[in-house]
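Visitor: Single-letter residue listing:
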Amino acid sequence: MEYAPRMTGIEATTGFLALALPFIAAALAPILTRLLKQHACWPLALAPALAFLFFLQALPTVADGNVLLFGFDWIPSFDVRFSFRIDGLSSTFALLITGIGTLIVLYSGGYLAGHKDQGRFFSFILMFMGAMLGLVVSDDLITLFVYWELTSITSFLLIGFDHHREAARRGAIQALVITGGGGLALLAGLIVIRELLGLSSMSDVLAAGDALRDSAFYVPILILVLAGAFTKSAQMPFHVWLPNAMEAPTPVSAYLHSATMVKAGVYLLLRFHPALGDTALWTTILPLFGSVTLVVGALLAIRASDIKITLAYTTVASLGLLVMLIGVGTEAAITGAVLYLIAHSLFKGGLFMVAGSIDHGAHTREIDHLGGLGRAMPITFTAAMLCALSMGGITPFVGFLAKEEIYAALEQGDPWHIALMVAAIAGNALMFAAAFVVALKPFVGRMPETIHHPHEGAPTIWLGPLTLGVLGLLGALFYGAYHDYFSSPMASAALGEPVAIEIGWVPHLNLAFMLSLLTIALGIMLYVFATRLRSGIANLLAAIGWGPDKGFDQAMRGLLRGAFAITGFLQSGRLDIYMTVTVILIIAALFGPMVYMDAFPAMPDFPTLAFYEWTVLGLVILGIFAVVIAKNRLTAIVSLGIQGFAVALIFMLLGAPDLSFTQFMVETLSVVILALVMTRLRLSAADHRPLRESLPDAVLAIAGGAGFGLFLLAVTQRPFDASLSDFFERYSYTIAHGRNIVNVILVDFRGIDTMGEIAVVMTAGLAILALIRVRVGRKGERYPDPTEQTP
Amino acid sequence: MRTVIFRFTIPYLTTLMVLFSIFVLLRGHNEPGGGFIGGLIAASAFAIYGIACGVAPVRRALYFHPMAIAASGLMMAVLSGVASLFVDAKFLTGLWAFPAILGGDVGLSTPLFFDIGVYLVVVGAISSIALALEERESD
Numbered sequence: 005m006e007y008a009p010r011m012t013g014i015e016a017t018t019g020f021l022a023l024a025l026p027f028i029a030a031a032l033a034p035i036l037t038r039l040l041k042q043h044a045c046w047p048l049a050l051a052p053a054l055a056f057l058f059f060l061q062a063l064p065t066v067a068d069g070n071v072l073l074f075g076f077d078w079i080p081s082f083d084v085r086f087s088f089r090i091d092g093l094s095s096t097f098a099l100l101i102t103g104i105g106t107l108i109v110l111y112s113g114g115y116l117a118g119h120k121d122q123g124r125f126f127s128f129i130l131m132f133m134g135a136m137l138g139l140v141v142s143d144d145l146i147t148l149f150v151y152w153e154l155t156s157i158t159s160f161l162l163i164g165f166d167h168h169r170e171a172a173r174r175g176a177i178q179a180l181v182i183t184g185g186g187g188l189a190l191l192a193g194l195i196v197i198r199e200l201l202g203l204s205s206m207s208d209v210l211a212a213g214d215a216l217r218d219s220a221f222y223v224p225i226l227i228l229v230l231a232g233a234f235t236k237s238a239q240m241p242f243h244v245w246l247p248n249a250m251e252a253p254t255p256v257s258a259y260l261h262s263a264t265m266v267k268a269g270v271y272l273l274l275r276f277h278p279a280l281g282d283t284a285l286w287t288t289i290l291p292l293f294g295s296v297t298l299v300v301g302a303l304l305a306i307r308a309s310d311i312k313i314t315l316a317y318t319t320v321a322s323l324g325l326l327v328m329l330i331g332v333g334t335e336a337a338i339t340g341a342v343l344y345l346i347a348h349s350l351f352k353g354g355l356f357m358v359a360g361s362i363d364h365g366a367h368t369r370e371i372d373h374l375g376g377l378g379r380a381m382p383i384t385f386t387a388a389m390l391c392a393l394s395m396g397g398i399t400p401f402v403g404f405l406a407k408e409e410i411y412a413a414l415e416q417g418d419p420w421h422i423a424l425m426v427a428a429i430a431g432n433a434l435m436f437a438a439a440f441v442v443a444l445k446p447f448v449g450r451m452p453e454t455i456h457h458p459h460e461g462a463p464t465i466w467l468g469p470l471t472l473g474v475l476g477l478l479g480a481l482f483y484g485a486y487h488d489y490f491s492s493p494m495a496s497a498a499l500g501e502p503v504a505i506e507i508g509w510v511p512h513l514n515l516a517f518m519l520s521l522l523t524i525a526l527g528i529m530l531y532v533f534a535t536r537l538r539s540g541i542a543n544l545l546a547a548i549g550w551g552p553d554k555g556f557d558q559a560m561r562g563l564l565r566g567a568f569a570i571t572g573f574l575q576s577g578r579l580d581i582y583m584t585v586t587v588i589l590i591i592a593a594l595f596g597p598m599v600y601m602d603a604f605p606a607m608p609d610f611p612t613l614a615f616y617e618w619t620v621l622g623l624v625i626l627g628i629f630a631v632v633i634a635k636n637r638l639t640a641i642v643s644l645g646i647q648g649f650a651v652a653l654i655f656m657l658l659g660a661p662d663l664s665f666t667q668f669m670v671e672t673l674s675v676v677i678l679a680l681v682m683t684r685l686r687l688s689a690a691d692h693r694p695l696r697e698s699l700p701d702a703v704l705a706i707a708g709g710a711g712f713g714l715f716l717l718a719v720t721q722r723p724f725d726a727s728l729s730d731f732f733e734r735y736s737y738t739i740a741h742g743r744n745i746v747n748v749i750l751v752d753f754r755g756i757d758t759m760g761e762i763a764v765v766m767t768a769g770l771a772i773l774a775l776i777r778v779r780v781g782r783k784g785e786r787y788p789d790p791t792e793q794t795p
Numbered sequence: 022m023r024t025v026i027f028r029f030t031i032p033y034l035t036t037l038m039v040l041f042s043i044f045v046l047l048r049g050h051n052e053p054g055g056g057f058i059g060g061l062i063a064a065s066a067f068a069i070y071g072i073a074c075g076v077a078p079v080r081r082a083l084y085f086h087p088m089a090i091a092a093s094g095l096m097m098a099v100l101s102g103v104a105s106l107f108v109d110a111k112f113l114t115g116l117w118a119f120p121a122i123l124g125g126d127v128g129l130s131t132p133l134f135f136d137i138g139v140y141l142v143v144v145g146a147i148s149s150i151a152l153a154l155e156e157r158e159s160d
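Residue numbers (the working numbering), protein chains in the order written: chain A, 5 to 795; chain B, 22 to 160.
A few of these clues could be false.
Here are the computed lysine to any residue pairs in the SDA-like style, where the Cα-Cα straight-line distance is at most 20 Å [unchecked claim]:
| id | chain 1 | residue 1 | chain 2 | residue 2 |
| --- | --- | --- | --- | --- |
| 1 | B | K111 | A | F595 |
| 2 | B | K111 | B | M96 |
| 3 | B | K111 | A | S81 |
| 4 | A | K41 | A | K120 |
| 5 | B | K111 | B | L129 |
| 6 | A | K635 | A | D691 |
| 7 | A | K445 | A | I591 |
| 8 | A | K554 | A | R307 |
| 9 | B | K111 | A | P80 |
| 10 | A | K41 | A | P463 |
| 11 | A | K120 | A | L63 |
| 12 | B | K111 | A | L563 |
Here are the computed distance ranges between Cβ atoms for each label pair [to be verified]:
| id | chain 1 | residue 1 | chain 2 | residue 2 | range |
| --- | --- | --- | --- | --- | --- |
| 13 | B | A77 | A | A763 | 28 to 38 Å |
| 14 | A | D725 | B | L106 | 52 to 62 Å |
| 15 | B | G124 | A | G713 | 37 to 47 Å |
| 16 | B | L116 | A | L704 | 44 to 54 Å |
It is worth saying that the hints were derived from the structure and are not from the lab. Even glycine gets a Cβ: it sits at the ideal position worked out from N, Cα and C.
For reference, chain B alone in the conformation it holds in the complex (with noise of 0.2 Å):
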């Protein structure tokens, strides 16, 4: 599999197939798209980079075990349906505010961060497995 084209190009796929992801992830709220699907995309940019490549860069470029990513957007989903609770609404009420930048309303809202803490726990659960997988193929 680790043919010299292969593992020349694909760095740069992974990183087109995973700022696709976050593209596909913010647009999800208006148009085909979302946390999950967006998730998935990145994992699977994360599953084949680590087949070129090898799992030791993957892990290095991700800085974070990928269940501690996963585990924070767990978080991350939680506290957005959290912060409704203290302006008296109940638990993951949406909260939404549109604020002015760079000439256009941007839509800032809990759902939002919701969406971003099931990207972040698909792309965690996900990629962890994959390169755990992976990683003993090798040994």
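Bound conformation, chain A alone (with noise of 0.2 Å):
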């Protein structure tokens, strides 16, 4: 593979344009939709279609095999860079994530006409767009896990976009820890690559050759990769995120949940391929997940009575399917696995719109309830049709190419590719019926008399499931430029050598046209008795009773009860067990290291003191006599004053007027706002409490007061580093224009440690405001009891 050189000027500036536009565009939805309603997705579909033009007209090089970098340095003492790479394997994704998602914006602007939130709507999935497009085109490894965790962040605002409804809170709060939790795993993954291995961009890794095979950290890295991989595409049993979030308006099942969110994890396996693939581990453990999450998804998809949950099913299913070819790694069941990734993102897009058609059309998504419709909706049901036959995998249609390749890749005959294949066959078959279910029932037989006018929706509407339907039959048609710039680059990419993929749409007799056509015998066969067998799987869900669905659940309740157990043990809430912790600590601090090191200072020879300095020595031990004799609460606030007032008086004597300054100033206001506080709190005038209650508290302020004299004592008795004052002091007035030394430091030299001061004291004065303002509710209940309310 030739590698160009990295873009630069002109080149480089477009490409940035194109990645950031989804983002401007989201920035200005909410005020474009507020002027022009919901024809502002005219305005808005321009963004993604102009970076698809980008993509497009770069097309041509990239199918070359030339790679394409671009990008800048973003944090050079770390080497992060903010850098993208488009080859085969990235312009392919992101065509299809400009492409669809332009028809998605169109389709929200039908679909969601009239929503009062439908600017927000634009905006969410705008962002979204931007981080998947970022997503498959970043190069270096931060960039790339800064714009994965985007796409979760977006994607939990998108499925709780209805946010009033819980069912929509809990799928976007499921979708956000499944996948967020694998990206946690991906982060790990990626900075050992980084740290331990030395590569800092998908380039480097892929020019790495067997490095990332042959190193000792193999395993950890396989299995956190593949953490943050299958979380993301929803294999068992992280997939129960993707039904739950069809909770979101069906726009966003069609885009984040065929082409886009879902395709992010397998967009990574297949990234990963060269540099990760073919060893032992990794061709069992991805068949072995794939193989179970295609067949139980495609079971479960026959179960669902609402179409659109039958269909994120079969997603779950076509998603295992990917993840299973890409473990058995062998060159065709690579171009299998992209065959069909294309396919599948034209199919599902199209049908997720077309069951979102129905459902404005006709008002229900029950399967039960739902016939006859085909002569309201002859656009839909056209629409519908021609991505059904591509995701039954009938010529000539592009889901026939990808099931030729899959089957073919998968005849080798050990039992281990046998196993694999019937799994594939039985997956398929499955999901022509559940194909069929979606797009065929609804719109033939008998018209329910619950369904009152179905009528076809705006062109907004049929526009993007029809767009798909057609161009999945194009590209079988004209397969021989669609291999040349789509799949044959893509697949090339993820197999790090190049191959020409050459499946037209003509059957020839072979076992895998004969495998079709079983599986296509299979699926009809299915389809007869889908009601049947919908009761059946029913039965057996019930008998079961659990599933990682209820899982969830029951994690997230016990992480609840854990947090709250923790919390109540850590907060009592009660003020004197929280002072006498830190002061403890406080005391551990001092003498811990001077006990450890035996450091204590020197007894110091006792100082002849002037008859001046004896009063105020005398005045300060007064005022500590006074605290501790005071009678009542008051007296001793007032008296704490004394013995402050003669520490300032001391640092007067001693030539330090601004500290002293401070002193006064702050002993005085502390008394009084103290006082404050002591008559607010209504206690008792006076401090009755037995000796074995205050005893341990006086020696522990002993204990604190000796701790801090000892350590000022050890610290004076250090040598005196002078640079720092003989710096302050040759340069305070020459450059900082001051004489008064502690000023200059405090607004000068070390502005910016008073700048951290002003934000603390006043963060700390609206959090006392907090604190002052709070009403104390009912007695014996600290907090609400989080379990005790549904999350």
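Starting from the two chains in their separate frames, assemble the complex, guided by the hints.
Guide: This is the structure we're talking about:
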């Protein structure tokens, strides 16, 4: 593969612009929607459309096997770049994301017309688009992770779009927890690759050959990367979030859950395949997870009665199929995966939009309540059939090319591959049935009386599915160009070596074709018995009773209980306990090092003091004495001031007027504020406690004082390094124009420290204000038990 | 506490203290003083005014919420640091100008505005705490 030089100048600028366009549109979306209502979809769709054109003009270069690189240094001290790589794999993904994205924006314009939050919706989905686009073209590993997380967060926002419904909130949190958890694992894996192997970008990883496979960290890296990919791409048992994400409006499902978000994990596996693949571990784990996901997902798809949920489960199954093929990892398997991935993006995106159109036109998605819509919605029916024929793997659609290639890839004949082949045939047959349940059943037969006035949607609504359906047909008819520009470059990038895919739409009489026919026959049979099959699977699931979805709830409840128990233990809510713990820690911090390193200060000689110095010292001691013997609290607080003022006097005598000045003011204010607080607390005027309660406090107080005293002695007995004070003295006036060194240090030399400090003062003030205003609730109830509420 | 004498003298005392605090703030660069000390003096002035005459008159006199004053101070301090970025110096680099005003050189500088920011934060934060405490007391 030939490496083009890094793009610079105008080319790179266009590249950055293409990646930023969706975000720019996201920022403009709310305003545009307020001005243009649902017609805002037209200008907004320009953003992904322009990005699509950018990737389209780069396509010929990329299809020739070149790689486009551009970016800039982001955090040079950590060798982190903000860099991108457009090769066959990322280019096809980017075209799918921006192309389907354009249709989705238009579709959302019609689907959510009149929704009060349509502007917010546009904004979210465009943000997601930008994140997903960045993800597939990222070169630097940290850049990749940032975009990866952005897709998780934006998909959380999209799934929870109808946030007033609890099911939507639950679906959003579930998706975030599962994909976010996987994201953390991925981060760990990427950091291992970066820090231990010194490879900071995808280009490095791909150029490193066997470095990853041979390294001692291969197993942890593989497991961490797979954790990220499997959670994102909804492999068993992490698939639960995907069907629950159907709470989102249909355009979200059509976009995130067909072509983009869920394919992120598959993208990652394809991307890492040349560097991590073809080991015993890889060819075992991936097909295992993939085939189980395929079969179970397809069964659950038949089980669902809501056509959107059916589609969600077929997506789970399709992702399983892809993971399985990537795991097998041969040239034929990877080309099969690539062909299926593109085909799936087209037909599944289309079918989701069809499901939305049905919902829009007939106001239900329950398969038992649907029928006979074909006459009222002919365009939607056509689009649905185009997509379903592709999904069913019937020639001449792109789905057919994929299925032929998949069967050809699995026909090795050893038991392992036969098992995978059986899984593939079973899964495909079930998905065939599911495709026609969604795309055929609602349109034929008798129309139930529950449907009133079914109608075709606006052009924006049928444009998307129809376009995707037709593309699925064109791709197969013009398979030469299709392979040259899309599938071959993509497969070459995923294999790490050039391949040319040749499969066409004209069937040849070979094993793969026979298996295709078998699949279709099985599929038709399953379609006929779909209703009976559904109740059978439902009974089976009811008999099992437990599933990962329930497991998720149990885990979340356990987490809340654990957090509550720990918080209850650490936060007793009693001020005296907090104070005691804090003081004990301070004492330990003071005495610990001195005891451990045997660094007690030497007893200093007692200085000879002048008369006035004795007086001040006497004042200090008098003040302390007054505090201890004070009969009531207010006297004690005021007496604290005596000692404070005496210390201020000492500062003054030692020639530190600034310090002394501040000490006076702080002392005054703290006495005032303490007095105000004490009066507010409505305590009894005097502190009557038995000796056994006050004695430990006295011990702690004395230990704290002794600790600080010893610490100060130890510090002053060390040789004094005067270089800093010399510096300040020398430059305070000459460069900072100030003779008061203390002030110059505060506002100039160490201004940024002061800035932090005043921010702390301000924050502390806000916190105290909030504490003063807080109303104390019922007695005995510290804070509500979170486990008692529905999450 | 609210004796007639106290209530009568405190407004004058408060005025003097606030004036003094500004004096302390401005002389701070060369003589003992500065924004922090000045702020503490002003805060105690407002606190004592609140004790003597009630919180409502203090709030009226301050016009802005004390926390808003603190926030504006923080903003001012940060902006005085940002200023140096425009002349291609690092964040918080001191910039100085010595215009001749009324016949004498007056040192105007970004550290001065920084110090005023410190003053406002301290005044705002401390007096909002003190005033809030005094308010509850009178309930």
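Visitor: Decide if the proposed pair is consistent with the structure: A:K635 and A:D691, CA atoms, cutoff 20 Å inclusive.
Guide: This hinted pair holds, its Cα atoms lying about 8 Å apart.
Visitor: Below or equal to 20 Å on CA atoms is what counts here, so check B:K111 against A:L563.
Guide: violated, 47 Å
Visitor: Below or equal to 20 Å on CA atoms is what counts here, so check B:K111 against B:L129.
Guide: holds, 19 Å
Visitor: For the pair B:A77 and A:A763, does the Cβ-Cβ distance stay inside 28 to 38 Å?
Guide: holds, 30 Å
Visitor: B:K111 and A:F595 were given as a pair; does the straight-line alpha-carbon distance stay at or below 20 Å?
Guide: violated, 41 Å
Visitor: Would the pair A:K41 and A:P463 pass a check requiring their Cα atoms to be no farther apart than 20 Å?
Guide: holds, 16 Å
Visitor: Is the Cα-Cα distance between A:K554 and A:R307 20 Å or less?
Guide: holds, 18 Å
Visitor: Can you confirm whether the C-alpha distance between B:K111 and A:S81 stays at or below 20 Å?
Guide: holds, 19 Å
Visitor: Is A:K445 close enough to A:I591, meaning Cα to Cα at most 20 Å?
Guide: violated, 77 Å
Visitor: Take a quick look at whether A:K120 and A:L63 sit within 20 Å of each other, Cα to Cα.
Guide: At roughly 39 Å apart (the allowed maximum being 20 Å), A:L63 and A:K120 break the hint.
Visitor: Given the hint of 37 to 47 Å, is the C-beta distance from B:G124 to A:G713 inside that range or not?
Guide: violated, 54 Å
Visitor: Falls inside 44 to 54 Å, the C-beta gap from B:L116 to A:L704?
Guide: holds, 50 Å
Hint check: violations occur at hints 1, 7, 11, 12, 14 and 15; the rest are consistent with the structure.
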